[in-house]
Amino acid sequence: MKVSRDVTFDEKSSWDWTDQDKEQVQIPSQNSTLIAMIADEDTITGFLLVGMVNVDLRRKTNYLIVDSKTMVKKIEDTFKEFTAREDIAIVLISQYVASMIRFLVDSYNNLVPTILEIPSKDHPYDPTHDFFLSRVKYLFSAESVASGWR
Amino acid sequence: MGEEEEKRSSENGVESKEEEQDEQENNVLRFLDSLDSYLVLMDSLSSTLRQGWMELASARHSMGASRINSALFDLKHHNAATSLEVNHHDADTTMQQTCFTLCKWASPDTQNLCSKEAKLEEGELLQRKASSPQIRHRGASRSSASEEVQEKRPQPYGPPVTVDDQVQKERSKSLSVFGALVSPKLRGAQLSFETALETLVEIANIRSSILRAHDQVQEGMKTTM
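Here the protein sequences line up with chains A and B, keeping their order.
Mapping of the first sequence onto UniProt numbering: position 66 corresponds to residue 66, and the numbering continues sequentially without gaps.
Mapping of the second sequence onto UniProt numbering: position 193 corresponds to residue 193, and the numbering continues sequentially without gaps.
No wet-lab data here; the hints were simulated from the structure.
The C-beta atom is built at its ideal place from N, Cα and C for all residues, glycine as well.
There may be inaccurate statements among the hints.
Claimed, not checked - Coverage of chain A stretches by chain B, computed from C-beta distances (three or more under 8 Å per stretch; other residues unrestricted):
| id | segment |
| --- | --- |
| 1 | 32-46 |
| 2 | 54-64 |
| 3 | 73-81 |
| 4 | 86-98 |
| 5 | 103-114 |
| 6 | 127-138 |
Given only the sequences and the hints, what does the whole structure look like? Please build it.
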């Protein structure tokens, strides 16, 4: 079944899962999807050892190695490309790299592919910068204030 | 009689309100438990990745920096040996949950390596929370977290030994990118990253549970208002 995946990078900051959003990202069943990676060399090397790297006929890969010379534009374009591909179910992104394109990551609203921020060798995981947790926190506090549970 | 009926109906009304409140509290509890599991798994992921990086650094030290390098990555066409299966699981008409299933070390000879994993129900989440976060172990036997992680085994086409050989073959293939003879530390790094990958898939499934629990809480609030 073909899945429509409208990737929205609008300025909507609230996390409002409407029925339309859910319909758009419904994937009843999808076999053999990939995990994409945007991370430093060591992380990519490690996940290469586990057989996660895929190279298609056009030599397009499912990873981007980020180093000191990588331009932010390149990271943005790769993020948009990975989140638009239908054969990718999860996008792993180092948290420090996600911070470089924070606006893009925070405005991403789709369920699949899901974005997972992971720690890197030089930058440990910081839960305050995890976009998923900050959204949950916002939602929870907003809901509790609105309902008067506090 | 009329008064008695009124009394009964008001009692029923109070009971159903209490039941709704209990259900709502359970939903909130599930939401918070899922969130707690998420944080525990993230912590576990951090330590597993740290171990993997350490082992990779050790391997690089013993084999040489030129032998463990992104320049050696194979850019010829090849499929990933590890992939994901995405399933959409309807709890009811309004709430849906996405489930990710990891398929490791699939080769062209063993295409249907993915066996259906049990879906992560909220009950399982609470049970997982009660024990320490366990690495998902696949295979015929369950092992403790301290033992080596076992791979997912498909329905065997032949004797089990054949499947193990296939998995070992795929593992060796991944290691062969860095040469025929590799440091044991590199093999150790491979296992660590394998564990990290399993944790990542669990995290993805937990997030799906958090969303579902949040939807249930929202739904409950709408009915009580």
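Hints versus structure:
no.: 1; hint: 32-46; result: holds (count 10)
no.: 2; hint: 54-64; result: holds (count 7)
no.: 3; hint: 73-81; result: violated (count 0)
no.: 4; hint: 86-98; result: holds (count 3)
no.: 5; hint: 103-114; result: holds (count 3)
no.: 6; hint: 127-138; result: holds (count 5)
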